[in-house]
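> Taken in order, these protein sequences are the chains called A and B.
Note that this note's numbering numbers the first sequence so that position 114 is 114, with each residue one more than the last.
Note that this note's numbering numbers the second sequence so that position 47 is 47, with each residue one more than the last.
What the hints contain is simulated information worked out from the structure, not anything from laboratory work.
The model shown is predicted, which means the values in this text are computed figures rather than measured ones.
Using N, Cα and C, we set each Cβ at its ideal position, and we do this for glycine too.
Wrong hints could be hidden among the right ones.
Stated by the list, open to error - Here are the simulated lysine-lysine pairs, DSSO-like style, with alpha carbons at most 30 Å apart:
(1) A:135 / A:165
(2) A:135 / A:46
(3) A:165 / B:152
(4) B:165 / A:165
(5) B:152 / A:135
(6) B:152 / A:149
(7) A:46 / A:2
(8) A:143 / B:152
(9) A:9 / A:46
(10) B:111 / A:149
(11) A:9 / A:135
(12) A:135 / B:79
(13) A:143 / B:79
(14) B:79 / B:111
(15) B:79 / A:81
(16) B:111 / B:78
(17) B:111 / A:135
(18) A:8 / A:81
(19) A:135 / A:89
(20) A:8 / A:89
(21) B:165 / B:111
(22) A:143 / A:165
(23) A:135 / B:165
(24) A:165 / A:89
(25) A:81 / A:143
(26) A:46 / A:81
(27) A:81 / A:149
(28) B:165 / B:152
(29) A:135 / A:81
(30) A:2 / B:79
(31) B:165 / A:143
(32) A:95 / A:2
(33) A:143 / B:111
(34) A:89 / A:2
(35) B:78 / B:165
(36) B:78 / A:149
As the list claims (entries may be wrong) - Listing some non-contacts, in silico: residues in chain B with all C-beta distances to chain A over 10 Å:
(37) 22
(38) 132
(39) 156
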Amino acid sequence: MKQEEIVKKLSGVFGPDVIQSTTEFRGEAAVTVAADRILEVCRFLKDDPDLSFAFLSFVGGVDWYPQVPRFEMVYQLYSVKHRHRFRVKARIDEKPGADPVIDSITEIWPTANWHERETAEMFGIVFRNHPDPRKLLLPDNWKVHPLRKDFPVIGTEEDTPDLPKRAGGS
Amino acid sequence: MAIERHLNDTVHVTNLEWFVNWSRKSSMWPLGFGLACCALEMIATFVSRYDLSRFGMEVARPSPRHADLMIVSGTASKKMLPAVLRIYEQMADPKWVIAMGACACSGGIYKNYAVVQGIDRYLPVDVYIPGCPPRPEALLDGILQLHAKVMKEQSIKNPRVPRIKAAGQ
Ligand code: SF4
Numbered sequence: 001m002k003q004e005e006i007v008k009k010l011s012g013v014f015g016p017d018v019i020q021s022t023t024e025f026r027g028e029a030a031v032t033v034a035a036d037r038i039l040e041v042c043r044f045l046k047d048d049p050d051l052s053f054a055f056l057s058f059v060g061g062v063d064w065y066p067q068v069p070r071f072e073m074v075y076q077l078y079s080v081k082h083r084h085r086f087r088v089k090a091r092i093d094e095k096p097g098a099d100p101v102i103d104s105i106t107e108i109w110p111t112a113n114w115h116e117r118e119t120a121e122m123f124g125i126v127f128r129n130h131p132d133p134r135k136l137l138l139p140d141n142w143k144v145h146p147l148r149k150d151f152p153v154i155g156t157e158e159d160t161p162d163l164p165k166r167a168g169g170s
Numbered sequence: 001m002a003i004e005r006h007l008n009d010t011v012h013v014t015n016l017e018w019f020v021n022w023s024r025k026s027s028m029w030p031l032g033f034g035l036a037c038c039a040l041e042m043i044a045t046f047v048s049r050y051d052l053s054r055f056g057m058e059v060a061r062p063s064p065r066h067a068d069l070m071i072v073s074g075t076a077s078k079k080m081l082p083a084v085l086r087i088y089e090q091m092a093d094p095k096w097v098i099a100m101g102a103c104a105c106s107g108g109i110y111k112n113y114a115v116v117q118g119i120d121r122y123l124p125v126d127v128y129i130p131g132c133p134p135r136p137e138a139l140l141d142g143i144l145q146l147h148a149k150v151m152k153e154q155s156i157k158n159p160r161v162p163r164i165k166a167a168g169q
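Extracted from the complex, chain B is given alone in its bound form (with noise of 0.2 Å):
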């Protein structure tokens, strides 16, 4: 990197897909929603003593259009999916979703006829954290996951369209 030598360091040259993949896991916004018991353990993470704030995201915003990542903690049943799908709808681009807890990722211990058998069967999941409930650490882990994920994203070249899936797929 000669050129930044010879400016004396004042500057740093890096690829523009490098630097928006940084600024975009940098400072993620998450959506402050909960859907059961998974949520406590996503608002231990908040606060003080996990202090999600480490890694650029202790700004929860009850508003879909200013989040980035949809954290989907806890059950979702049948009657809160249409809501769930229309807040995703809602958030701009680029957004993702962590699957946080087995009822996201699976139905968990509900396989009954009011539990969607996983987020997933509906939104496009960029990270699972299984645990019922996962711990605070195991969410830090996943979140951590996803920044890596981000980081490895050809955010210009072939920037990724989030979109719902059909039923079922």
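In isolation and in its complexed conformation, chain A is listed as follows (with noise of 0.2 Å):
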């Protein structure tokens, strides 16, 4: 399927709320979903039998910083099936004082499972209902989002130690 028919098939199943906007570039569409919405455009993508995105080749997340709303998630899709590819981004916005969530989309593709732990911990993104919700990467005792924009590239001492401190100081 070429790509404008899959937008309107999607702009044809879900109004303007849900469907954001459209984008193209050389040749390939993306469309921004409403957060809130992801599961729900994400289960139709994969179950629909022309569109049929059995598989979710990969899953990040982008700092905006300092836009608003001022993360994105992006969502890159393949059908095995019908040797089609397309896009699906989400913004999130991030509420003074909460961290940015969205439902994780584990259950219907469940290879997100670890993209989205690296998501998480790189951007500080919550996946709602997310299986199991640790670190991937980073060492586990630290706090920070390295892939944010406000994070210092070399890190601090304090947030990014060598070691791990050990209780009790020293």
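From these two lone chains plus the hints, build me the complex, please.
Next up, the structure:
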């Protein structure tokens, strides 16, 4: 299926409150959907026989600091059956004093599990109903999110120590 | 060396320290562990083309308890560091450390939050080998430098005490 046809099909099922915008770049379309409806959209993309995006190739995050909404999730999809690709995005706002939150799509594509764990530790995005919300790559004692734009690239002695601090100092 | 001639050159007389050093350097077993891309050059050094066994070092030990030499071959990430130090602690004395490649020497191109800026912040490094990665010839040269260094050690009179340094010293 052509990219425009996929977009048209999606827009036919979901209204403009869900499909917030559509972009095209070098023949690849991407739709930005409302973050709180991501599960519905993903389930449709997977289950619809004309689309059948059975393969989730990648999940990643973007920090658009200082734009608002600040964070963005990007999902890259592939259909083995129809051999077409598609990209879905969702912008997540950071409420003051609270973590940015979006639903986990692990229940639709189990492969999202590790991708979401990495995105969670790197950007501090919380995935609701994630089955295994541990860190993936960073040391367990770190509390910071290194891929955020306001994070200093060399880290700090306090936040990213070489060795875990022993309990009780030194 | 009159006594040797007296016994028809069937014995060799030397001092104990030289002998200890010579036996240590002639069969220095490296630990078989690699951290990043440099490890591939280390592996190339071990196998037939460069043939580390010419220097009595072909037995790379998977167990730190059998190993004398730790070749820190590659990027030491902060998450890996506790494991590296633990392995070093498990090696029996006497033990030596080679920092192989820019990353192990100084952090290399990774001046960032995730990489230890030089393994010599924590381990007593004997030989630094620059390069990204160093070629097998460079590693061989570093090993021969280490052998020369071992031959100069006062292994009996003043044995060194290898230990992990406190952070940042
Ligand atoms: S020095 Fe270069 S080759 Fe060696 S581990 Fe670092 S980046 Fe890789």
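> Are the hints correct? Go through all of them and say.
Each hint, compared with the structure:
For the given pair, residue 135 (chain A) sits about 18 Å from residue 165 (chain A) by alpha-carbon distance, which is consistent with the 30 Å threshold. Proposed proximity of residue 135 (chain A) and residue 46 (chain A) is supported: the alpha carbons are some 27 Å apart, at most 30 Å. With a C-alpha separation of about 38 Å, the suggested pair residue 165 (chain A) and residue 152 (chain B) falls outside the 30 Å cut-off, and the hint is violated. The straight-line distance between the Cα atoms of residue 165 (chain B) and residue 165 (chain A) is roughly 15 Å, inside the 30 Å bound, and the hint therefore holds.
Distance check on the hinted pair: residue 152 (chain B) and residue 135 (chain A) sit about 48 Å apart at the alpha-carbon level, beyond 30 Å; violated. Proposed proximity of residue 152 (chain B) and residue 149 (chain A) is contradicted: the alpha carbons are some 52 Å apart, above 30 Å. Annotation: proposed proximity of residue 46 (chain A) to residue 2 (chain A) holds, straight-line Cα distance about 16 Å (limit 30 Å). Restraint check for residue 143 (chain A) and residue 152 (chain B): not satisfied, since their Cα atoms lie roughly 47 Å apart, outside the 30 Å limit.
With a C-alpha separation of about 13 Å, the suggested pair residue 9 (chain A) and residue 46 (chain A) falls inside the 30 Å cut-off, and the hint holds. With a C-alpha separation of about 17 Å, the suggested pairing of residue 111 (chain B) with residue 149 (chain A) holds against the 30 Å cut-off. The hinted pair formed by residue 9 (chain A) and residue 135 (chain A) fails the criterion: a straight-line CA distance of about 37 Å is larger than 30 Å. Between residue 135 (chain A) and residue 79 (chain B), the direct Cα distance comes to roughly 12 Å. Compliance with the 30 Å bound is thereby established for this hinted pair.
Proposed proximity of residue 143 (chain A) and residue 79 (chain B) is supported: the alpha carbons are some 14 Å apart, at most 30 Å. Among the hinted pairs, residue 79 (chain B) with residue 111 (chain B) is consistent with the structure: their alpha-carbon atoms are about 15 Å apart, no more than 30 Å. Simply put, residue 79 (chain B) and residue 81 (chain A) have alpha-carbon atoms about 40 Å apart, too far for the 30 Å limit, and the pair is violated. For the proposed pair residue 111 (chain B) and residue 78 (chain B), the alpha carbon gap of about 12 Å is at most 30 Å, so the pair holds.
Of the supplied pair hints, the one linking residue 111 (chain B) and residue 135 (chain A) holds, its CA atoms being roughly 23 Å apart against a limit of 30 Å. A hinted pair counts as satisfied when its Cα atoms are at most 30 Å apart, and residue 8 (chain A) with residue 81 (chain A) qualifies at roughly 20 Å. Taking the CA atoms of residue 135 (chain A) and residue 89 (chain A), the gap is about 23 Å. The hint holds against a cut of 30 Å. Of the supplied pair hints, the one linking residue 8 (chain A) and residue 89 (chain A) holds, its CA atoms being roughly 16 Å apart against a limit of 30 Å.
Proposed proximity of residue 165 (chain B) and residue 111 (chain B) is supported: the alpha carbons are some 21 Å apart, at most 30 Å. With a C-alpha separation of about 13 Å, the suggested pairing of residue 143 (chain A) with residue 165 (chain A) holds against the 30 Å cut-off. In summary, the hint linking residue 135 (chain A) to residue 165 (chain B) is supported, as the alpha carbons are separated by about 29 Å, within the 30 Å threshold. As the CA atoms of residue 165 (chain A) and residue 89 (chain A) are separated by approximately 38 Å, the hinted pair breaks the 30 Å bound.
At most 30 Å may separate the alpha-carbon atoms for a hinted pair to count; residue 81 (chain A) and residue 143 (chain A) exceed this at roughly 42 Å. For the proposed pair residue 46 (chain A) and residue 81 (chain A), the alpha carbon gap of about 11 Å is at most 30 Å, so the pair holds. Distance hint between residue 81 (chain A) and residue 149 (chain A) is unfulfilled; the C-alpha atoms sit about 38 Å from each other, more than 30 Å. Between residue 165 (chain B) and residue 152 (chain B), the direct Cα distance comes to roughly 23 Å. Compliance with the 30 Å bound is thereby established for this hinted pair.
In summary, the hint linking residue 135 (chain A) to residue 81 (chain A) is not supported, as the alpha carbons are separated by about 34 Å, beyond the 30 Å threshold. The straight-line distance between the Cα atoms of residue 2 (chain A) and residue 79 (chain B) is roughly 45 Å, outside the 30 Å bound, and the hint therefore fails. For the proposed pair residue 165 (chain B) and residue 143 (chain A), the alpha carbon gap of about 26 Å is at most 30 Å, so the pair holds. The straight-line distance between the Cα atoms of residue 95 (chain A) and residue 2 (chain A) is roughly 37 Å, outside the 30 Å bound, and the hint therefore fails.
Of the pairs offered as hints, the one joining residue 143 (chain A) and residue 111 (chain B) holds, with about 20 Å between alpha carbons and a cut-off of 30 Å not exceeded. In summary, the hint linking residue 89 (chain A) to residue 2 (chain A) is supported, as the alpha carbons are separated by about 19 Å, within the 30 Å threshold. The hinted pair formed by residue 78 (chain B) and residue 165 (chain B) meets the criterion: a straight-line CA distance of about 16 Å does not exceed 30 Å. Annotation: proposed proximity of residue 78 (chain B) to residue 149 (chain A) holds, straight-line Cα distance about 21 Å (limit 30 Å).
A cut-off of 10 Å between C-beta atoms confirms that residue 22 (chain B) is not in contact with chain A; the least separation is 37 Å. Against the 10 Å criterion, residue 132 (chain B) stays outside the reach of chain A, whose nearest CB is about 19 Å from its own CB. Listed as a non-interface residue, residue 156 (chain B) keeps its Cβ farther than 10 Å from every Cβ of chain A; the least gap is roughly 35 Å.
Of the numbered hints listed earlier, those contradicted by the structure are 3, 5, 6, 8, 11, 15, 24, 25, 27, 29, 30 and 32.
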